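J.: Residue numbers (the numbering used here), protein chains in the order written: chain E, 1 to 468; chain U, 1 to 141.
Any given hint could turn out to be false.
Derived contacts from chain U toward chain E, CB cut-off under 7 Å, selection only [claimed, not checked]: (1) H5; (2) L9; (3) S11; (4) P60; (5) V91.
If you're looking for bench data, these hints aren't it; they were derived computationally from the structure. No experiment lies behind these values; they were computed from the predicted model shown. Ideal Cβ placement from N, Cα and C applies to all residues, glycine included.
Residues per chain are reported as follows:
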Amino acid sequence: MVQARSAGVEVPNDPEWAMPKRDWLHSLPLLPRRPLSAALMVLLAAGVAGLLALWWRQTPADRLQSLPDYLVMLAQITGLVGAYLLLIEIVLMARLPWLEHRLGSWLVSAHRSLGGYLVLLLCAHVALVIAAYSVSVHAPPPTVLVSILRTYPGVLAATIGFLVMLLAGFTSARSIRRRLGYEGWHSIHLLMYPAAAAAFWHQITLGAQFTRNPWAAEVWVGVHTAVAALIITYRIVIPALNNRRHRFRVTRVEDVGPDAMSVYITGRYVAELGAEAGQYFRWRFMSRSLWYQAHPFSLSAAPHADTLRLTFKCVGGYTNRLKRRLRPGVRVLLDGPYGAFTSVLRRQHGVVMIGGGIGVTPLRAIVETMHGRRNDIVFIQRASTVGDLVLTRELEALNAAGRIIYIPAIGSRRNDPLSAERLLDLIPDLEDREVFICGSVGMAAAAVRNLRRAKVRRGRIHTEIFDF
Amino acid sequence: MHIPHVKTLLSIVGTAGAMGALIAAKTSAHGLPPKPPPATESALGTGSSAVMTVTGPPIPITHGIVQVRITMAGGRITSVAATSLPHDNNVSWARSVGAASVLAREVIAAQSAHVDAVSGATYTSDAYLKSLQAAIDAGKG
């Protein structure tokens with residue numbers, strides 16, 4: 001077995017470190033994050049416009065005569081757009097490497113906000129279909145529902161798919177998701193793949209736009225096939241091939257704070273993965289009671305001599321089992337790297353890192369790859385109590401080595417140690433710094449609010465949220 | 001957290017507005033006639049032995065449009081054919097084709113539009129018989 005080398009605390013004696021090359025300050029990627037995400041939104045809107053145009057063309061002139069006609073037409077529109085958005089939702093989570101690297105958490109937040117909208121849209125579709133037929137045949141909705149389910153092929157499967165989607169939407173509400181935990185929430189979300197497939201059939205057999213226009217039907221089937229191929233490639237085949245090549249194993253487990261542990265994982269040809277500090281992987285530990293789940297964890301140190309490191313805090317059933325079961329030698333299946341939260345985002349010499357709780361882990365990895373003078377990197381570790389501080393020993397070592405200025409900030413949100421005034425007190429040149437924030441939703445939102453109040457420009461604030 | 005609710009509300013209102021506008025545009029784009037157009041006829045020959053083809057008005061129902069054409073010879077209905085049947089999807093198409101053939105047979109036997117609707121295709125049948133009645137009226141008038 002390969003002996004693990006510590007991936008962190010010892011700072012490499014890099015002469016370039018104190019005098020950074022300036023090129024990273026100017027090397028903007030061809031398409032920066034915001035224009036790229038805006039371009040994707042335009043593409044999405046173009047798809048919706050295309051479907052509406054299809055509806056317009058396929059709807060005969062005299063189709064709209066009475067109330068049920070209007071309801072059926074509205075049902076067709078909501079159904080078309082809903083089916084399209086469902087496909088987009090799946091594409092957003094297809095783990096396309098280029099998009100993941102460029103947009104990272106934007107994909108997740110787009111998926112989430114689009115998801116809520118999609119649930120509403122498909123609820124409207126179902127309600128409109130039932131209402132249309134009820135009005136048209138003068139029968140109560142339950143009778144209509146039963147007769148539709150019994151006579152129209154594919155609608156029963158689609159209805160089951162719809163119910164699964166309602167469940168996935170419901171369990172994604174923040175309070176329920178938290179109570180359910182990552183595992184339960186994620187398992188329900190995985191059911192969306194069969195649910196989407198079940199809903200597909202009725203679109204082709206009953207959707208008026210496709211039954212009357214074979215060309216449109218073929219494009220529709222083609223697009224869905226392409227997306228299925230993407231999912232199989234990037235969510236199954238490529239991770240499987242990667243794991244066969246890299247053969248990761250746990251090589252060391254280390255306590256790094258109350259209930260927090262660092263896990264060192266070593267494999268072959270790790271450099272090929274192109275992982276960067278600040279990114280995350282989905283890790284599957286092949287041990288009893290752990291193997292059936294993959295969980296996302298950020299790298300807590302820059303990749304180092306074929307060794308990757310993650311640090312977790314025992315907060316739930318899964319992480320507690322991790323603590324009990326992880327031993328050197330356990331095989332690990334990795335999926336990644338993911339995320340756009342890396343030092344590439346830095347455009348200023350001055351940097352402020354604000355990490356909440358276990359959210360310091362990617363920041364800890366990023367500072368390892370950042371060059372600068374002593375005052376360039378201010379590292380604020382935000383926690384409610386001293387017991388919540390993790391990786392303190394390493395951060396203090398980086399501080400002693402002159403790499404960062406380490407500031408633990410303890411306090412409740414009511415008496416915020418990171419209020420705008422206190423931030424400006426601590427860092428008078430805050431305005432000229434690039435800010436990296438990582439933590440829970442609430443912590444990140446509070447930090448952004450305070451920074452905005454302290455007149456930091458929006459484009460200089462980068463957040464990564466630890467919230468599945 | 002008030003802002004997400006505002007966004008949700010805005011997106012619902014926006015979507016409803018956009019769909020309403022689309023439907024309204026569709027309705028006005030075609031300037032719908034409030035009443036179905038009258039039956040049209042064409043005749044071969046004259047007198048009681050004339051062979052006449054009459055097309056009934058299109059009757060829109062929820063799943064599509066129903067229109068019937070009849071051929072009359074000497075005041076008798078010799079054949080009935082549907083020129084348009086609901087075809088929004090294969091199910092309504094199959095069902096209305098079945099109903100149309102049953103109705104055609106019954107109408108020729110009864111020589112009138114007063115036949116029973118085919119069960120399972122009540123609305124298609126009603127529209128069929130309505131278009132047929134208009135065609136018969138036009139043919140006899």
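J.: Against this structure, judge whether each hint is valid.
T.: Right, here's what the structure says about each hint:
| no. | hint | result |
| --- | --- | --- |
| 1 | H5 | violated (11 Å) |
| 2 | L9 | violated (11 Å) |
| 3 | S11 | holds (6 Å) |
| 4 | P60 | holds (4 Å) |
| 5 | V91 | holds (5 Å) |
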